Structure formats: C-alpha cells, structure tokens
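Undergrad: Chain by chain, the residues:
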Amino acid sequence: MTGKTLKISAIMDGTVIDHISAANTFRVAEILNIKGSANVVTVGMNLESKSLGKKGLIKIGGRFLTKQEVDTIALFAPEASINIIKNFEVTKKFRVEVPDTINGIIKCANPNCITNAERTKTNFHVLDKNPLKIKCHYCERVIGKENIELI
Amino acid sequence: MEFRNRDIISIKDFTKDEILYVLKTAKKLESRPNPSLMKGRVMASLFFEPSTRTRLSFESAMTRLGGQVIGFSEPGNTSLKKGETLWDTIKMAEQYADVIVMRHPVEGAARLAAEASGVPIINGGDGANQHPTQTLLDLYTIQKAKGKIDGLNIGFLGDLKYGRTVHSLSTALTHFNSTLYLISPEALKMPESYTEELDRKKVKYHEESDLMKVIGKLDVLYATRIQKERFPDPMEYKKYAGVYKLDKSMLPHFKPTLKIMHPLPRVDEIHPELDNTPHALYFEQAGNGITVRQALLALVTGRIK
Ligand SMILES: Nc1ncnc2c1ncn2[C@@H]1O[C@H](COP(=O)(O)OP(=O)(O)O)[C@@H](O)[C@H]1O
Ligand SMILES: [Zn+2]
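Sequence order for the protein chains is A and B.
Note that the first sequence ends on residue 263 in the numbering used here; no numbers are left out.
Note that the second sequence ends on residue 696 in the numbering used here; no numbers are left out.
Source of the hints: derived by calculation from the structure; they are not laboratory data.
One or more of the hints may lead you astray.
What the hints assert, rightly or not - Here are the simulated distance ranges between beta carbons:
id, chain 1, residue 1, chain 2, residue 2, range
1, A, 216, B, 426, 43 to 51 Å
2, B, 396, A, 135, 43 to 51 Å
3, A, 135, B, 538, 52 to 60 Å
4, A, 263, B, 656, 36 to 44 Å
5, A, 254, B, 620, 43 to 51 Å
6, A, 198, B, 591, 41 to 49 Å
Here the structure is a predicted model, which means the values were calculated and not measured.
Built from N, CA and C at the ideal position, the CB exists for glycine as well.
Could you build the full structure based on these sequences and the hints that come with them?
TA: Printed below as a string of structure tokens:
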C-alpha cells in the first residue's frame, strides 16, 4: 500500500476492521451502524488480499468498538481482524473470535421459542465456531450459520 | 448426590450417575412406600397446555406421598388470558408452593421459569422440546423389566422424526451400552441431529423400515403413535398411519422376553389383543411414571437425599 493511499483515509484515532471477506463487508458495516454514525468512515471493497483473494476493509475515525460489537462481527465475519489506531499508529491488532456463549445480539430462529414469545434476553451456546453452529439455551434448537439473525 | 432445589428441565442436563441415582431412589420408594413423605408440602401444577396423562400422574404422585396440589389444568381461566407473562405467573406461584410442575406449549418456557423461580421447577413438557420425566420413567421401566439398561437390543418404532419421546430416550441411551434399532418409514426417519449424536457417542444403531427384518432381535420395542397433527395433508397421514401394527400374528416372531413399551395414548399401533400377553409393558410403564415422579418430587424438595 502506498503512503498516498494511506493518507487519504488515514485516521488519527479509531478502528480499522481489516481482512473482511468481500461478501461480508456490508454486513459488518450494518452491524456497526455506520449509516447512522457521525464518525468519518471509509469502506473499502474488493481490495487485493493474499489470504482472502478480495477483501473488504472499514475504517472508523474516533471510535473504538465494544466487546459486544467485536463479538458480533466475529459471528458474521470470523476472518476479520481489528486494528486499534492511536495517534496514526497501529497500537493493537487482533483477530476477532467467536465467544463460547452469545448473550443478546441474535434472535432465536425457532418461532415457537420462549425468547420470541416473551421479551427475554436470548442466550446461545456455541457448538462449532467454524462454520458457526449455536444452540439456544432455552428451546435447545440448534441453529446453523445461515439462520443466524441479528435482533 | 445433591438434588435439593434442582430444576428438572432437560434430560440433557443429566449425567449418567444422576440418571442412575433417580432410578435408584424410585426403586427404593417403590419397595418402601412412604405415604407421608411430602406431608405439609404443596406442589403447584401449572398446565398452560392441557395434558391429562402427565398432569394426573404428577398429581397422583404428590397426593400419594401425602402432599397437596394446587394449580390449573388449562390456561382458560387464568390471568394468562389477560396477558400476564410466564415470568409473573411463576413469581406468583413460587409464593404458594414448594415445587412447581409445569407444561407449556412454547419451547424453552420451563428453562425461563426456572430462572424466575426460587423453588424447583419440573418440566412436564415444553412444546416439541423436552419432557424429561417421561424419559426417566422410560429408563426406569426398561431397568425394572430387564434388570439393566446396557447390552439390550432396543427398537424404536413409528414416527421417529417428530416423536419427542424417542428423541429424548435416544439421547439418554447414549449413556448406556445398548444397540438401537430405528424402525420407521423413510419419511419419518430419526433426524440427523440425533443420529449424529449417536455416532459421536459411538452408540450402535441400525436404521430400518421393515419391522419384520429386525423384530426377532429385539429385547425392548418402543412403539410410538404417528400423529395426525404432523401431516398437513390427510392423504399423507393415511399413507403412514397404519404402517406398523403390532398384533397376535407377530407373536411367533417375538423373542419370548420381548417387552413392548408405548408412551400412550395409542391409536392402532398395538392391538389390544396383546394387552394380556407377557410382552405388554405399556400400562406398567404408565404406572412407573408415578414412582419416578415421586422420586423427583422428593429429591428436589430435599425430602430424600
Ligand atoms: N493511521 C491509520 N489510519 C487509517 N488506517 C490505518 C492507519 N494505520 C494503519 N491503517 C490500516 O490498518 C490496517 C493494518 O495496518 P498495518 O498493521 O500497518 O498493516 P498490515 O496489517 O497490512 O500489515 C491496514 O489496512 C492499514 O491500511
Ligand atoms: Zn430458542
């Protein structure tokens, strides 16, 4: 990457979500609700990547993600990595990781689950991290990646 | 083993030792009945969905131990109709009772109720999900009739796709060393999530649609009803309804020691002419339900250690 490219989208403090597989980039943007945010945001799509072929990248100025946001990204883009930028430098870099249990965040896919009938916080046990497979703590339904939906 | 204050929500919460402990307690209670064990204790019987069989079994269990029963048998005349949440209903009931037995049409209801309640919850069925006391009484019945749960050839017959009882029993049997014969029409086969579990736990099993091919091997045959409600198309139901019918003509093929079980109610899977043969275990099975529920009531309220 040339210094010039970096400069255009350079941020002083904030977060860079890197190595998002191209197909998941919009999903991550949605999770972070960047549409509704006042921060400076750069979204890169279809960038070259050695490991992913094409990757997506999102840079958000002036914002650091909560654990819940990072966990949520992990559910939909398990390949992503997070870079914390302070004073223009990458000060911390880590891969997102699917947690062992997921509190809130997602909805149970079983329409006859008590969490959909009564307003209760959802809770899921992660059975497999890749591809993601989770089990509802309440109705015990096993839910695959394709049926995972944000609340 | 500490069962006091424990909720009985799902058979998946039980270790093998815990299962065996419940069965052992039931056996003790059966050999030495104690009609005042639950004296002064109150069981709330909350049936948000009607179920005569399970409700009567629990209420009889409690009454025969000298305890009292309060509750409702259908949501019709309760505050639920007025929109009270399950959470609030349970918060109220725990003030009135030492133990709560509940059935609810929504899956996960019992687990949520257990979070709301300070007194133990016993799940008497939550939608298509769990009905752990049925599984425990099934295991008790096998153990009582056969003296063991290991080393048997156990057949499941009928609707293995939707049948909650066979799903839970198959999960419980992964703790033991028996061989399962899963006998059903192709369209009503055991879901893969359950056969995968059998694979994972290295349980031996065979899938078969022709009952006659395996009938002679079985020590236990667990028959189930093919439920009309499961088929949107009545023609489809007709196609499967009568595929397996156990009757006297099959007697020569049975092992002399074969025991036939059924969670009841039956439709025409088992001809009444078998009722008086030594193979019929299904009514005794229903009776065992009382004993096992007594054991659970006594254990979770701390009346038996
Ligand atoms: N100050 C900054 N402003 C915006 N983006 C930055 C900044 N510093 C680094 N990045 C971006 O963060 C990601 C990680 O940076 P770095 O660790 O330098 O590269 P890499 O992970 O490719 O070795 C890269 O996509 C880079 O473009
Ligand atoms: Zn659920």
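Undergrad: Check each numbered hint against the structure and report the violated ones by number, ascending.
TA: Checked against the structure, the only hint that fails is number 5, while the rest are satisfied.
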